[in-house]
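*Asks:* Residue numbers (the numbering used here), protein chains in the order written: chain Y, 148 to 444; chain W, 119 to 424; chain R, 25 to 617; chain H, 5 to 528.
One or more of the hints may lead you astray.
Here are some, though not all, of the chain H residues that point toward chain Y, as calculated from beta-carbon distances under 7 Å [claimed, not checked]: (1) Ile232; (2) Val309; (3) Asn311; (4) Gln380; (5) Thr384; (6) Ile387.
Keep in mind the hints are simulated off the structure, nothing from the lab.
None of the values given here were measured: they were computed from a predicted structure.
Cβ atoms here follow ideal geometry from the backbone N, Cα and C, with glycine treated the same way.
Next come the chains, spelled out residue by residue.
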Amino acid sequence: MTAVDTAPAAPPPVEEGIWTRLRRRKLALLGLLLIAATLLGAIFAPYLTQFDPDEQLFEGLSITGAPMAPGGMFPLGTDLLGRDLLTRILYGARTSLIIGLLANGVALLIGTFVGVTAGYFGGILGGILMRLTDLMMAFPALLLAICLAAIFQPSLWIVVMVIATVNWVQTARVLYAETASLSQREFIAAERTLGAGHMRILFRHILPHLVPTIIVWGTLGISTTVLLEATLSYLGVGVQPPTPSWGNIIFENQTYFQAAPWLVFFPGLAIVTLALAFNLVGDAFREVLDPTQRGRT
Amino acid sequence: MLAFIARRLIQSALILLGVSFITFALLYLFPADPVRQIAGRSATPETVANIRAQLGLDQPFVVQYLRYLGNLLQGDLGRSYLQKTEVGTLIVSRLPASLLLMAGAIVCELMLGLTMGIIAAIRRGTGTDNSLMIVSFIGVSAPQFVVGLLLLYVFAVQLRWFPIGGYGTFSHLVLPAVTLGILGSGWYSRMMRSSMIDVLRQDYIRTARAKGLGRARVLFRHALPNAILPIIAMIGIDVGIFMGGIVVVESVFGWPGIGQLAWQAIQRVDIPIIMGVTLVSACAIVLGNLVADIASLLADPRIKVR
Amino acid sequence: MTTQEILSPAAQVAGEAPVVLSVRDLDISVRQQGGVKPLVIGLTFDLRRGETLAIAGESGSGKSLTSLAIMGLLPPPAVHVAAGSIIFGDVDLTKLAETKLQAIRGSRIAMIFQEPMTALNPVMRIGDQLVEALRAHEPLSRQAARTRALEALRAVRLTEPERRLSQYPHELSGGMRQRVVIAMAIALRPDILIADEPTTALDVTVQREVLDLLRDLSRDMGTALILITHDMGVVAEMADRVLVMQSGVMVETAAVGQLFSAPKQAYTQALLAAVPRMGQGREASVKPLWRPLVSIRDMVVTYDLKGGILGRTQSRVHAVEGVTFDIHPGETFALVGESGCGKSTIARALTGLVPHQGIVEFDGETLGSTPAARFAASRQMQMIFQDPMAALNGRMRVGDLVMEPLVIHGIGDVASRRARAEALFDRVGLTRDALDRYPHEFSGGQRQRICIARALALNPKLILADESVSALDVSVQASVLDLLAELKAEMDMSYLFISHDMAIVENIADRVAVMFLGQIVETGSSAQVFGNPQHSYTRRLIDAVPHPDPSRVLPVRAVHASDPPSPVRRVGDPPKRLALRSVGSGHLVASEA
Amino acid sequence: DGHSAMDPDAQYGGNITITYKDDVATLDPAIGYDWQNWSMIKSLYDGLMDYEPGTTDLRPGLAESYEISDDGMTFTFKLREGVKFHNGREMTAEDVKYSLDRVTDPVTQSPGAGFFGSIAGFDAASAGGGEGLSGVTVVDPYTVQIQLSRPDATFLHVMGLNFASVVAREAVEAAGADFGKTAMGTGAFKLSEWTIGQRLVFEKNADYWREGLPYLDSVTFEVGQEPIVALLRLQNGEVDVPGDGIPPAKFMEVMADPEQASRVIEGGQLHTGYITLNVNIPPFDNVDVRKAVNMAINKERITQVINGRAVPATQPLPPSMPGYTDGYAGYSYDVEGAKALLGEAGFPDGFETELFVMNTDPNPRIAQAIQQDLSQIGITASIQSLAQASVIAAGGEADQAPMIWSGGMAWIADFPDASNFYGPILGCDGAVQGGWNWSWYCNEEIDAMAIEADSMTDPAMVDDRLKMWSDVYMAVMEDAPWVPVFNEQRYTMKSPRMGGADALYVDPVSIPVNYDYVFVTDVQ
Ligand SMILES: Nc1ncnc2c1ncn2[C@@H]1O[C@H](COP(=O)(O)OP(=O)(O)OP(=O)(O)O)[C@@H](O)[C@H]1O
Ligand SMILES: Nc1ncnc2c1ncn2[C@@H]1O[C@H](COP(=O)(O)OP(=O)(O)OP(=O)(O)O)[C@@H](O)[C@H]1O
Ligand SMILES: [Mg+2]
Ligand SMILES: [Mg+2]
Ligand code: NI
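Only chain Y is shown next, with the shape it has when bound in the complex (with noise of 0.2 Å):
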């Protein structure tokens, strides 16, 4: 009688490993490309360009003070203090990679601890836990983070911390309602009834299922905490001139869209290009740590 079960669906399991698997999509390679190419922007920007980010180049100005459009001896143009803005975007990716991964990465992980421990515990500590989720969510981000910078003397660091204060809150809204859900299925009941610990079923079986939201709210918040840090250095309390970042080299010189366009157009390609990117790959990895999609593309 036991015959008749059936054989597996699926074909004999090909042992790919992860890289093999993203190798395929070309959509991740050329988003792994580009945030490799930004990688090594910022860590060879020196190697790249004969200008120094913070030289006020002589040339760079006209002769009223007019920034230098693109061509010539700089391609990309100078900005308002005559400073080649190739070099600042390169020397750029620096800070806004750094707050991109950073303040994203640490606001990831708060949200992702709030909202996995509220939702997975419940009860008093999870109500208190997402009350102050609702308490961070009414107040203004942005007047909290000019207190927190203004209390804290400005610098990179110090963006990095208030831009994660500020931006867990709706990673832990998401996580949470998850995580509840999640805490629901079967498999987590099957789990506890082999005797398996909180911390076990939290890391071993919650978790690896929230990846993929994770994933996408961080590929998301690169763009929005590069802007962020933008606008905290447009209220003065972002990473302090002379540093570039992309987000401060578009606010600095966005009266100037139209005088000189440049000035905003290539530091806003350089954001929209490296969210995309993390977006290309997160979306790869989403799938390609997914088991159920091994083998389809």
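Since the structure of chain Y is provided, determine the placement of chains W, R and H with the ligands on it from the hints.
*Replies:* Then chains W, R and H with the ligands, alone, in the frame of chain Y:
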């Protein structure tokens, strides 16, 4: 339902209390002396001390806070330090404009975002899908100041379709609302896309098709109301996000809302105004969430009021 | 009965009736990475007016795809009709444009899907969904459509049809929803009604009602019915003709009597053999032991429903209300009863997933509620869940899943755990190389075997099997049940076997308890309960079971609709406790009012 | 008198629209101290003294004439008769006294109270109690006498400040704390509409005591408008004068178009942009270091960065201010010299320090230019770009801000007198916690000189007094607590229909325009 609303209101009151405390504490720690701003450059130390005492700023923090709270409970938000006007009056005169702008922005982001999301979901995996998603990225990543000025330049200055800034008629509202909504529409199009893809896989969609319904009806009568459910709750969160955006958008378009009030107050450490605007925006956020939750309740008959 | 007047005169006898649908050499394929893969091959059959054709076969054999192909609803773009024709009247449905198909769908050919819980749009009122279906095909006014919708609801014998119109799907029970789906399908009196597993998700008593309803309707309206099912009992009761499928190919087709009495193909024979039958209950192997393994006394589990401004408990779900029973070592104790009667809750309380009141002793010790006590108990007591897919973490390799309990309890090292997992896989009939695959790469039966392997990893004394075979094909079900039986014999294990399937319970349980609304209404040995049912509810359950025997004459029943009773009660208003009285050695029955 | 300024071409009637970014905080003359409301209050209210339009020349206002006692300590003002408040009541000496008492009463919280410090009884008044200024007496309904406690050569200018405007007591009392949202003066315009956050409309005061003024029927102020948008609207014909000037991003575009450039009026303003060097914080306690910094700053380059909208400065006073030292070259740009000086001072390799700056464009940019200049001589200055209030707070602490770029918070003179650049920002009085002397420079000798100069109240000694002030600032430059960087020029742009002398558009006391005297040319 009423009990649910009542419970949420109580919760909201507690949240507002928390917000007021944190804001007050942050402003207390803020490294700038409002009295100096009031007293002016030529003031003598005595005058400064006198003004400080008048405003009660020489009192310990807890006393200051409790006094503020006491007044707040009587509906008194205090007077602006620099304008000497009741904060309540200032806010009341500007709030409607901000709320109108936000409402416009929500409509705009929903229209843009949902349409893009739906089209992308239907054309999933095609070039249309990809390009729409890239557009949504640009929406998410574009600085509002630049978007605002660009729209203003193209549609108001060059094409003259809309007035250059100002407040009053519907045509004044369009550009600022679009500017404020573009960011959200990027998010919404992505969310709508995945929600829609999810819904289109559901059994009841198949049932609807099996009934012989047309494509449009299946899409709009069956898929859309379900796909939109998870998004309704997000609209509440938007109010909070807008609070940051209105500062920029209102100043670009000369929109007389509370964003500009807040911005000026922060520059000059006009604490009563900052407190007032913070509380009002917190109220708006809390109410926005409440409304979104109630809307979810109404839109989704399955959610039982717990 | 008003419905009789409304519905069409009695149908003609099938057989001489004209052919309404003719499927010829139907091939359905899917485009995949590695090319085109055929899913259904060369299917050919005719459907006559008024006839009921049952398509039977195991899961994945292509039953649903066939029905979807007829509806023109194959999931685009991957799955498509590769060849063949589906002739309806004088048109070939496979060649028809979408808009033309839309006109046929719902009005001439209607379909009922398996899962009543998800088949209805959750945010639309029942009435709107019905009216919409009607107005899509006939130029009716809202009012007229509403009247027709009401007629349809009455036709499916739904209680309070007016009120139903303005209700939402979630406010109805599964059986009621399935009636709504049926009402929607028959409202336009289609020529053909396709029912894809219409009762699989329903309780036996409700299944009974729905089947009776379908039969009456097809008889009264002369509608041809394609009934897709894996339940041979249903086939036997309902079908005029049977078509057996396996792996996309038609294995055998015959009149129902002929198929059951003299199946030609080996596959059909195996299929029929696997079907559990009632009335073959075995004598209990109750061993007279002095100490039960599990002793439950007066277990109560309630779920609080909060409400009001302060979020106070306003009402309670009395899921389990004073249940008392013992499970002896080496015994299979079964809990039967309809959905929501509290079976799972008992299992969950035993494993500590929900808090309970009352005394539970396990192996002589009171089962504590401290984490440490629970941890200790979890070595001795393992659970196998209904849906193996849901119970396995889809993101882990099954090998890791099976080793999971060993890791949790700190048993052995990496190598020894692996060895144990391999041994377990051998034992449950899986190959070792399967250890490195993911759950979704297995069939349902295989997955359940993985769950069993995981449960066995710690050598428990008691296995709680909650609907562990309900989701499986008959043949697979049989093989899993055999496995459980073997294991029991080998390892001297006890089972708490939870099921709503009377036939299975009769076949494997030593002792049985029948539950209703959180309380036991009858308990005793398998032979006592099934052979001599005392409680009316027990009898109703047994009567409702379809028998895989087409010759059996069905008792005449008035098809009626009843709303399921609710275990939700206000605080301070607990349900009345039923007193059990003994009617012979260990056979206890609740007194009836 | 007033007739001298009357324009024969002027037309009556019409409305002009002025825009501002920031909202108008208040119109209370005792409180208003902003860029926007300063000129508005000037048109709504009058004080005893006034200025010739477009100039820095004092002229009598509500006072028909005045007498100064020989010791310069008593001022007797004879008021004009028949001057009416907007409510129709005649203005009298009681109103003058009330207004001065009010502005010095601490309950009013006037940021200008300190200007009246030389009036007898000021200390008692500012201690509170509401007795008022004992030095101000009403002699008769048309005569006010003001007794000073010390000689004050600037006193007439003080009487020309907005803070000295005459308000109608009954209106103040009726409006209470909300007086700032109303207006009741004797000025050329009265407030007719105020929609908070949107618009103010001033309407012509038909009873204005200066005959024939104003020309305009009304002035509309639209607030909350980004300067760049205001300019677009001007180009579109919707706005007559953008109150915040031509935004830097549009400056070049406008100047490149002859038609538009012809409508831009350039003028000096009483402004100096400077860097403060905190003499308490090493190494700026070393005068050579301060001099070296002075020599290191490339002022030409900085003016280039702001599109040449300023002229390099050599000293604290702007060129158009009486008392400006002509021919003084200041510290000229000399990197090598600066390096050498720094080396002598013991910092051959430079040092690290901080430069505070307010965070609105173009200030952070200027700070970066300064930063680069400093780096040329080895000084590494990190920039702290903060909100205005935070910079002011840091400047007011003895040990927080080594260097501050003053832009955005810079001294625009309250009144056109040489003394105005000294007291709070360079004198010992300002070098206190919370004060405005951010270089914490306090030289008792120079303070004494300044007091002496301001005691020279005899009109005959005006030139001696200005010479003395010139000496004061030269002495300050020797100690180099500041780096004067540039004097900003004003560029006011007007719509084609605006009429009136160019000087009215760069009026030193009524910015951006003198509403009382301008007119439009397209009245039907
Ligand atoms: N969209 C699809 N893409 C690829 N393969 C599919 C798709 N849908 C179904 N199949 C495959 O087609 C085969 C037949 O599926 P079908 O749903 O018709 O089975 P069934 O007989 O109805 O089974 P069950 O009893 O489980 O409902 C299965 O092997 C299934 O995996
Ligand atoms: N977490 C919960 N909160 C509230 N009520 C619950 C909860 N879990 C179960 N119930 C209710 O308790 C009752 C018993 O549920 P239980 O799952 O034990 O039934 P069952 O006999 O296993 O039914 P089924 O055959 O459908 O699995 C049901 O009415 C159910 O709705
Ligand atoms: Mg099927
Ligand atoms: Mg159950
Ligand atoms: Ni005259």
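*Asks:* It remains to establish, for every hint, whether it holds in the given structure.
*Replies:* Each hint, compared with the structure:
For Ile232 of chain H, the suggested interface contact is upheld, since its CB lies about 5 Å from the closest CB of chain Y, less than 7 Å. Below 7 Å, beta-carbon pairs count as interface contacts, and Val309 of chain H has one with chain Y at about 6 Å; its hint therefore holds. Because the smallest distance between the Cβ of Asn311 of chain H and any Cβ of chain Y comes to about 4 Å, under 7 Å, the interface hint for this residue holds. For Gln380 of chain H, the suggested interface contact is broken, since its CB lies about 11 Å from the closest CB of chain Y, more than 7 Å.
Using the Cβ-Cβ criterion of 7 Å, the hint placing Thr384 of chain H at the interface with chain Y is not satisfied: the shortest such distance is roughly 11 Å. Hint status for Ile387 of chain H relative to chain Y: holds, with the closest Cβ pair at about 5 Å, below 7 Å.
Hints 4, 5, counting from the list given before, are not met by this structure.
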